[in-house]
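Going down the list, the protein sequences come from chains A and B.
Numbering follows the numbering used here, in which position 48 of the first sequence is assigned residue number 48; successive positions increment by one, without gaps.
So the numbering used here is basically just the index in the second sequence, starting at one, shifted up by 114.
Possibly wrong hints are sitting among the right ones.
Under the rule of at most 20 Å between Cα atoms (straight-line distance), these lysine to any residue pairs were calculated in the SDA-like manner [unchecked claim]:
#: 1; chain 1: A; residue 1: K22; chain 2: B; residue 2: Q117
#: 2; chain 1: B; residue 1: K182; chain 2: B; residue 2: I162
#: 3; chain 1: A; residue 1: K40; chain 2: B; residue 2: K182
#: 4; chain 1: B; residue 1: K210; chain 2: A; residue 2: M46
#: 5; chain 1: A; residue 1: K44; chain 2: B; residue 2: K182
#: 6; chain 1: A; residue 1: K41; chain 2: B; residue 2: S199
Stretch by stretch, here's where chain B covers chain A in the computed footprint (C-beta under 8 Å, at least three residues) [what the hints assert, rightly or not]:
#: 7; region: 40-50
#: 8; region: 102-111
Since the hints were made in silico from the structure, they are not lab data.
All residues carry an ideal CB built from backbone N, CA and C; glycine is no exception.
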Amino acid sequence: DTAVSQTPKYLVTQMGNDKSIKCEQNLGHDTMYWYKQDSKKFLKIMFSYNNKELIINETVPNRFSPKSPDKAHLNLHINSLELGDSAVYFCASSQVAGNTDTQYFGPGTRLTVL
Amino acid sequence: DQQVKQNSPSLSVQEGRISILNCDYTNSMFDYFLWYKKYPAEGPTFLISISSIKDKNEDGRFTVFLNKSAKHLSLHIVPSQPGDSAVYFCAARDDKIIFGKGTRLHILP
Numbered sequence: 001d002t003a004v005s006q007t008p009k010y011l012v013t014q015m016g017n018d019k020s021i022k023c024e025q026n027l028g029h030d031t032m033y034w035y036k037q038d039s040k041k042f043l044k045i046m047f048s049y050n051n052k053e054l055i056i057n058e059t060v061p062n063r064f065s066p067k068s069p070d071k072a073h074l075n076l077h078i079n080s081l082e083l084g085d086s087a088v089y090f091c092a093s094s095q096v097a098g099n100t101d102t103q104y105f106g107p108g109t110r111l112t113v114l
Numbered sequence: 115d116q117q118v119k120q121n122s123p124s125l126s127v128q129e130g131r132i133s134i135l136n137c138d139y140t141n142s143m144f145d146y147f148l149w150y151k152k153y154p155a156e157g158p159t160f161l162i163s164i165s166s167i168k169d170k171n172e173d174g175r176f177t178v179f180l181n182k183s184a185k186h187l188s189l190h191i192v193p194s195q196p197g198d199s200a201v202y203f204c205a206a207r208d209d210k211i212i213f214g215k216g217t218r219l220h221i222l223p
């Protein structure tokens, strides 16, 4: 069974469109994340949710809106897509225990904006 | 501003030899360091970690060394195996986890 799953795996769309990426984890973790890996290969955190509450929002444009209907799901909705949004988006989850913060990543969603 | 730097974009090592991947950081507030491994078309997977109060952590073929005074950590893989060919990300944590750009490791037959 896949621990962290994302859909779709590939997403190709036109500038100006609105799209969503879904993420689900079956690990029972309390914390979920969205990361963006851009063309320079940097993997940067965008958002973090703990028990459906937003705890990290890293200077991400308002066009990006995460939504957590329950602690097993964290979806990413993007409005008015721009060329610069093209990247691979990774969802992750973790259960912070003591001084560990091992994150489990999904397979990624490659978004291409034309 | 890169707080976690992996200055070698790629590294080639003969099978059976030792692979050494390096990572430098700038933020002295980091309290925990991690290495992740990533295969193509997959998400990163956790490999090994080390707390800032330690200088070495070993798990099978993988050992991570931390030199706090130099703000440097390294991952040693010995012996290197073909399945180790992947991109390795160094990461460090203060209130969130910050990743380096990754080093692509090629294990040569």
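We went through each hint and held it up to the structure:
no. : hint             : result
1   : A/K22 to B/Q117  : violated, 30 Å
2   : B/K182 to B/I162 : holds, 17 Å
3   : A/K40 to B/K182  : violated, 27 Å
4   : B/K210 to A/M46  : holds, 11 Å
5   : A/K44 to B/K182  : violated, 24 Å
6   : A/K41 to B/S199  : holds, 17 Å
7   : 40-50            : holds (count 7)
8   : 102-111          : holds (count 7)
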